[in-house]
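Enquirer: Below are the chains, spelled out letter by letter.
Number of protein chains: 4
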Amino acid sequence: MTVAGKLRAAIVGSTGYGGVELIRLLQNHPDIEITSVISSSSAGEPIELGFPHLTGIVERKLDGVEPAEIAGRADVVFTATPSGVSAKLVPQLLEAGLKVVDLSGDFRLKDGAEYEQWYKHTAPPAEYLEQAVYGLCEVYGERAAGVDFISNPGCYPTATLLGLIPAVEAGWIKPESIIIDAKSGISGAGRGVNLGVHYAELNENFKAYKVNKHQHIPEIEQVLTDVSGEKVTVTFTTHLVPMTRGIMSTMYAGMNGAYSEQDFVELYRKYYSGRSFVRIREAGVLPATKEVSGSNYCDIGFSADARTGRVTIVSVIDNIVKGAAGQAIQNLNLMMGWEETRGLGYTPVYP
Amino acid sequence: MTVAGKLRAAIVGSTGYGGVELIRLLQNHPDIEITSVISSSSAGEPIELGFPHLTGIVERKLDGVEPAEIAGRADVVFTATPSGVSAKLVPQLLEAGLKVVDLSGDFRLKDGAEYEQWYKHTAPPAEYLEQAVYGLCEVYGERAAGVDFISNPGCYPTATLLGLIPAVEAGWIKPESIIIDAKSGISGAGRGVNLGVHYAELNENFKAYKVNKHQHIPEIEQVLTDVSGEKVTVTFTTHLVPMTRGIMSTMYAGMNGAYSEQDFVELYRKYYSGRSFVRIREAGVLPATKEVSGSNYCDIGFSADARTGRVTIVSVIDNIVKGAAGQAIQNLNLMMGWEETRGLGYTPVYP
Amino acid sequence: MTVAGKLRAAIVGSTGYGGVELIRLLQNHPDIEITSVISSSSAGEPIELGFPHLTGIVERKLDGVEPAEIAGRADVVFTATPSGVSAKLVPQLLEAGLKVVDLSGDFRLKDGAEYEQWYKHTAPPAEYLEQAVYGLCEVYGERAAGVDFISNPGCYPTATLLGLIPAVEAGWIKPESIIIDAKSGISGAGRGVNLGVHYAELNENFKAYKVNKHQHIPEIEQVLTDVSGEKVTVTFTTHLVPMTRGIMSTMYAGMNGAYSEQDFVELYRKYYSGRSFVRIREAGVLPATKEVSGSNYCDIGFSADARTGRVTIVSVIDNIVKGAAGQAIQNLNLMMGWEETRGLGYTPVYP
Amino acid sequence: MTVAGKLRAAIVGSTGYGGVELIRLLQNHPDIEITSVISSSSAGEPIELGFPHLTGIVERKLDGVEPAEIAGRADVVFTATPSGVSAKLVPQLLEAGLKVVDLSGDFRLKDGAEYEQWYKHTAPPAEYLEQAVYGLCEVYGERAAGVDFISNPGCYPTATLLGLIPAVEAGWIKPESIIIDAKSGISGAGRGVNLGVHYAELNENFKAYKVNKHQHIPEIEQVLTDVSGEKVTVTFTTHLVPMTRGIMSTMYAGMNGAYSEQDFVELYRKYYSGRSFVRIREAGVLPATKEVSGSNYCDIGFSADARTGRVTIVSVIDNIVKGAAGQAIQNLNLMMGWEETRGLGYTPVYP
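Chains as they are written, first to last, in full-length UniProt numbering: chain A, 1 to 351; chain B, 1 to 351; chain C, 1 to 351; chain D, 1 to 351.
Derived by calculation from the structure, the hints in this document are not laboratory data.
No experiment lies behind these values; they were computed from the predicted model shown.
Be aware that one or more of the hints could be misleading.
Any copy, or any two copies together, can satisfy a pair, since identical chains are not distinguished.
What the hints assert, rightly or not - Result set (DSSO-like, lysine-lysine): computed pairs, CA atoms no more than 27 Å apart in a straight line:
#: 1; residue 1: Lys99; residue 2: Lys6
#: 2; residue 1: Lys174; residue 2: Lys231
#: 3; residue 1: Lys270; residue 2: Lys61
#: 4; residue 1: Lys120; residue 2: Lys270
#: 5; residue 1: Lys231; residue 2: Lys213
#: 6; residue 1: Lys174; residue 2: Lys120
#: 7; residue 1: Lys210; residue 2: Lys174
#: 8; residue 1: Lys174; residue 2: Lys213
#: 9; residue 1: Lys6; residue 2: Lys270
#: 10; residue 1: Lys270; residue 2: Lys174
#: 11; residue 1: Lys110; residue 2: Lys270
#: 12; residue 1: Lys231; residue 2: Lys6
Generate the whole structure from the sequences, applying the supplied hints.
Expert: Laid out in structure tokens, this is it:
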């Protein structure tokens, strides 16, 4: 079942940013071997044609998307495919006996109707929505052990939920007061071309988009509702920052008591005890996106304001690593019963 | 009193970003002549030594800061000086019979004790705090006519207050619920050098700073309190965007009714009727910072969310123009009884 | 023939970067009124739909491209159209009695065969190639007076030729030794969308393109051959810089004598005497692109190296202003017999 | 002598960009253990105070610079110190029995007088200049085996020399015709603060600096003279690109024959046969800086121009990796007799 004792992995969507990041990160994983890089649009081409940085690193040509063939070459598949594509493909891969970590958003919402409302695609069959384990590792990691199918969280929800859950679960903040002001680098928009990603339109520019309409809203609400035990509705705004990588979620909530920054630091450090990839900063210190760039870390800091009774929580990730490819590998590690940090020991690239 | 029928202007702090922007904008003002560019640190040098872009445009050498000499050369002085410096200098300039538009923050807060708490400098004498007209043109413009001394608003307060005041005044939003998530380009930090403005530290980076501690907080609260008639306390966060110019204020507030985006558009268009520099976008359209870059515009858009009962207001300016030098000239226009747009007909530079 | 005594101008290609820059710059021209903004692809739409920064500035809707209609509305037409389009359109506009300043490259090469080799389009009729005056203002400005048709120079040739011509004409450098290493901001690639202008592909990246193949090579060679009286062949490399605006041409040539930097400064200052838009820096000082950003200046500096017997000449412009829209207006000024600086008094935007 | 069988390494200059990059890269080296991070200016502090991205990764506090103490803790020292500092420190470290890889420029020039002319510091004692092996791995790698002291090449020379040497050695290009137009990201300027690295001065700006005066000129000439057997003098220009990482060297030379791009590809592939970190692109394909970012690769491409008889060679590296910390580790690998790629298997970070 393995090549030289390694788990064989295929990557569908190898010509997107999530796909090439999986390739980068998996180069140094001691227990995984990439045996197929797959692209429906560029099958037959060498991957270095579109991604010259992989010259001499990935020699194999791009394969096409044939579930049966994939099953012959791989044990696990990462599906870094657009929304709507995974909905159809993943069931076939699972039927073929493959393990799947899905990086699209197709299996994150448990309610198919809600999916269709926000994503504007036909929902996958309910049984697969049911089967999918939502892979927010530091919160639901124990559910991943031994399963065959993980739905990898969205980039914004990862930064946001890791920043909110300990306080929500502890009852320290009022769920109905939560406002999330999120900012992302441009790589989050993917490699597709349109005026919205034109350099001259984005450089020296800061813009809001999809305000109150982003498909990550129901994902965040679903988890906060699960954690808090009550229906949570949030205000969520997304902005584009003129940079390539990085997400910051700046979150506001009314506090249920006079908690200090030190209180939050201790609460969160306890909650994330033993989880290497979440780093809680000292009281009064807020993280910046570059401090996690290229790595799988999520860094969190706090400002508690006695004047207003509100806490401001700042959470940062690299959107392509912890927000996509890195957490997907972390999930596979958990599925396989390996240490979650395996092959992910990347120090942030600074500066 | 004038050179060739023009008002003679001096600029103190000509080697800061606010100062050179005053120089740029005043080149095309039909009724103002720059007769002195002043810098305490570089007196005697040609300005093009530090600012080669002014080669052949400003031939005069930098003058020193001597109120009596300034009074001999100018009718009006723009003080683009650091906090703490204006506090001492402006009274002398006023005593010397000069008109003053002050771009520092020293005369914005009416309460000297509050100034000292937030600014950590000794407050100016109370009579000058009293005398200073807070020059938020589209709100307090009528107070500027004929006066000798204007305190020019801060960059963040300009974007924020223009975005909030019509709704606060109309009673459409709950003042106690206001949360302001603001973002600024790096030029806002000034031309001083420290690790915090190092290119390699800021590029590809997004960071929060001075959270709940920024000296613009009391300025915003003072005006909102004035407008609403009740004591207003806000949550205010500032972030640095890896770009040179531009501020976006993303503002959140609970609504007192089921107002639509179109309702807000109409309310604001009515409020700012006749004021050329505030542009209210169509319902559902949000402005980006580049759309006002290099110009004196403040553009505002809305997203009203029935799910949460909150409105999100987005307001953008060029921090050095409408947030500093441009509004200062607009204030001078109002002081002199000229049209507020005089000499400020700059179309945004795009892309 | 004029509106309120002003020359009526139409802009074809108003939805490209050259077109909107013409709109920006013409707002402050005292003798020109824009009476038609034209776009074949977006006719009937308000221009602010695609360019929100023009909200409230240009109220008129986009017109279609009909030469007869244009002739009824305008006296002069700026054609900021892609290569191949102007070749067909300009003859019709001239036949309709309009003055034309063409910003495409279609009429720059006098030899139609050479045009077809480098541009891969059918050349315009020879009589129009003949008629077109090559509008490098500071070199051929006197030829523009009173003519009806100007072919506006390319962005790279403008920076390059202004930097080389005085030395070539004086015989100080060896024409056969000229090597031009040019760098441009991304706006030079236009507003069309493709992977080559994707933000995430260009940001934090520096790349060479069209090396030895750029269509501006024959344009540069044609002029240097004209100026030197001998056939000149140059090595010319173009690179993309992760910024929006600006071109730098770094030029190398063997010297025919032991000239100092001061010698070059004096030679060039004499050559460009009376021409406001070319600024020759002091000996040993080299200009940077930001020092001309948003303005019509071309700044030039020198490093003469006794060790190698070569001079390095650095020339910078804003590619959309002096490299396109600004020089086009300068050319119209010259055609009309006005001062060349008319309406172009824009101080560089710094920082 | 080792900790758990690993070579113990100390890093002097741990609070500069070269130092923290050594820390990043060494995290994954299987045979090296960092046992001391040293900073003269910040001794006693936790390193995460100045570099929060290292939170939880490097727990140890910064040590001071005491050669005897270093010798007690380490087997090898990387000196990532400013010019002038290494000149004094390295002899002490060598006397204390340590192996040294020096990243300053102090030991690169064999002629002390030439060093003093270009660096403006007192030269190190001649015996150490003599002892230092110039560690351009792919060219002089065999000299590194078993030695105690390597002088790590400069960033510009690394990109430039790897791009020129095969052609010079083969006699395909004329050494006296070589012109090097080099461009670097801002991190090359180091972490020191001055107006020259201010974000607002560099962003949206492209500038030349130290033209014909850069201290890397004699380093390049020394090696080309060694390789060609004749005294070589080059024209060398350096520019700053508004990005953090990356160097491109665009090199021009007259050819001694009618060589094609394919000829160059084959010549270079043969020269660098077996060296993983130099990647020669296909004929007609030129590399961009982002394609090697974060990695130890040097990618090279060619454009041979029959019109002018010149070849244009483009060579790119990450200035902090292959241009500093990465090549330093590669040198240590060679000193120790290990594979040169050991611990350096970093795929470029893209996008």
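Enquirer: Hint by hint, say whether it matches the structure.
Expert: These are the hints, each one checked on the structure:
Proximity of Lys99 and Lys6 under a CA criterion of 27 Å is satisfied intra-copy only: 15 Å inside one chain copy versus 38 Å between copies. For the identical chains of this complex, Lys174 and Lys231 are neighbours both inside a copy (12 Å) and across copies (23 Å), given an alpha-carbon limit of 27 Å. With identical chains, the CA atoms of Lys270 and Lys61 are at most 27 Å apart between copies only, with a shortest distance of 24 Å across copies and 47 Å within one. Neither within a single protomer nor between protomers do Lys120 and Lys270 lie at most 27 Å apart by alpha-carbon distance, with minima of 40 Å and 37 Å respectively.
When the C-alpha separation of Lys231 and Lys213 is checked against a cutoff of 27 Å, the pair qualifies only within one copy, where the shortest distance is 18 Å, while the shortest distance between copies is 33 Å. When the C-alpha separation of Lys174 and Lys120 is checked against a cutoff of 27 Å, the pair qualifies neither within a copy, at 31 Å, nor between copies, at 34 Å. Proximity of Lys210 to Lys174 under the C-alpha cut-off of 27 Å is found in both arrangements, the shortest distances being 25 Å within a copy and 24 Å between copies. Within a single copy, Lys174 and Lys213 get their C-alpha atoms as close as 22 Å, and across copies as close as 23 Å, so both meet the 27 Å cut-off.
Within a single copy, Lys6 and Lys270 get their C-alpha atoms no closer than 35 Å, and across copies no closer than 34 Å, so neither meets the 27 Å cut-off. For a Cα distance limit of 27 Å, the shortest separation of Lys270 from Lys174 inside one copy, 21 Å, qualifies, whereas the shortest one across copies, 36 Å, does not. In this assembly of identical chains, the alpha carbons of Lys110 and Lys270 never lie at most 27 Å apart, being 29 Å within a copy and 45 Å across copies at closest. Neither within a single protomer nor between protomers do Lys231 and Lys6 lie at most 27 Å apart by alpha-carbon distance, with minima of 44 Å and 54 Å respectively.
Hint check: violations occur at hints 4, 6, 9, 11 and 12; the rest are consistent with the structure.
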